[in-house]
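Knowing the structure of chain H, use the given hints to seat chain W on it.
Residue numbers (this note's numbering), protein chains in the order written: chain H, 1 to 113; chain W, 1 to 238.
There may be inaccurate statements among the hints.
Claimed, not checked - Under 10 Å between C-beta atoms, here's a sample of chain W residues computed to sit facing chain H: (1) Ala41; (2) Val66; (3) Thr143; (4) Val205.
Derived from the structure by calculation, the hints contain no laboratory data. Because the structure is a prediction, the values reported are computed rather than measured. Don't be surprised by glycine CBs; every beta carbon is placed ideally from N, CA and C.
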Amino acid sequence: MRPDAVRGHLDGLILSVLEDGPRHGYAIIEALQARSGGALDLPTGTVYPALRRLERAGRLSGSWSTVGGRERRTYTLTRAGRHALAAQRADWSEFSSVVEAVLRPPRAAGETS
Amino acid sequence: MSSALLDPVDAHLAELDRSLRGPDKARRDIVREVRDGLADAVDAYRRAGLDPHAAARRAVRDFGPVDDVVGLYQDELAAGQGRRTALLLAIALPALMLGWDFVWRSGLAPGPPAPAAVKVLAGVQDAAVAVIAAAALAIVALTFRRTCSPRRVAAAATVATIVAVVVCGGAAIAMSLVNLDQAWGRLTAQPACMLAYAVSIAVMVQLNRSAVRTLRTLRSASETPGRPRGGGGTTHTG
Chain H
1 MRPDAVRGHL DGLILSVLED GPRHGYAIIE ALQARSGGAL DLPTGTVYPA LRRLERAGRL
61 SGSWSTVGGR ERRTYTLTRA GRHALAAQRA DWSEFSSVVE AVLRPPRAAG ETS
Chain W
1 MSSALLDPVD AHLAELDRSL RGPDKARRDI VREVRDGLAD AVDAYRRAGL DPHAAARRAV
61 RDFGPVDDVV GLYQDELAAG QGRRTALLLA IALPALMLGW DFVWRSGLAP GPPAPAAVKV
121 LAGVQDAAVA VIAAAALAIV ALTFRRTCSP RRVAAAATVA TIVAVVVCGG AAIAMSLVNL
181 DQAWGRLTAQ PACMLAYAVS IAVMVQLNRS AVRTLRTLRS ASETPGRPRG GGGTTHTG
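Same shape as in the complex, but just chain H (with noise of 0.2 Å):
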């Protein structure tokens, strides 16, 4: 998938897989990809730098600890976070049927009947 695509939803993945617990920066990037099936491949770079622009927005929380013997900066969802999180799934349904319902190739006339 192309970068440029995901651009845009990084922010509500990101949140997505930081739902079920607190991961650092190349667990969530590990998650990402996981979730989509090594699908979702996008510059790793990119990742880091959205992190602290959802901890800005207080979406999420940032903190150093240490994990597995090494210090990481780990992130957990905030409850304004999950808010977030709730909003984005339901514009995303709304707007993927939308455009599901326009892209869809009409039936053939024979098939209506």
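Same frame as chain H, but now just chain W:
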């Protein structure tokens, strides 16, 4: 040493470190996080069977060019520093006004009534503090909006600080000049006034320093070559 001879990860980190402009602590924190992330990626590729150099090259390739992320990070550095400056403004300026108010009302600085010009200047200063503090709070609130333009917010914080220093500092100096004998007497003989003057100067110096720091993140943000193509700070919303 040429960067080609360095480990690819170290060379990438050095380039990122060189490209970012902002407070040292914030920059170090960013580079440290990227270093950890790249180390994790190298470990993963080594576990998959790659040799250390090939693993490092793959990790760097996956990360993407430094130019592509510098603009995004610079936006965050500008927004963070802008928020700190606006917060300082919103807290320190009203606190300073209340402090001086306390000095006058408590009788710690006795003297004859102030001339009319001083009263007018004090009124201007009080009004300016109220407006600037409200604007600073609005700027702080804006930095929490994910879709705000970080550079505009940082610029607004810088302008508000300059206005505060010029108007409030200027009014304070004018008040002292209008009433020079009394001001000098208070400064040299009344400990409460000495302390109030010292704190006022310290606050003004700190506000100036914070504004200059914000301006630096701002200037480098606009000079950074790696802005997302064809868009500003608000294009990467999700």
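| request: Against chain H, run the beta carbon of Val66(W) and see if the smallest gap drops under 10 Å. | output: 8 Å, holds
| query | For the hint on Ala41(W), does the least C-beta distance to chain H fall short of 10 Å? | reply | Nearest chain H Cβ about 6 Å off; hint holds.
| request: May I ask you to test the interface hint for Thr143(W) with respect to chain H, counting a Cβ-Cβ separation under 10 Å as satisfied? | output: 7 Å, holds
| Can the hint on Val205(W) be confirmed by a CB-to-CB distance to chain H that is less than 10 Å? | 27 Å, violated
In this structure, only the earlier hint numbered 4 is contradicted, and the remaining ones agree with it.
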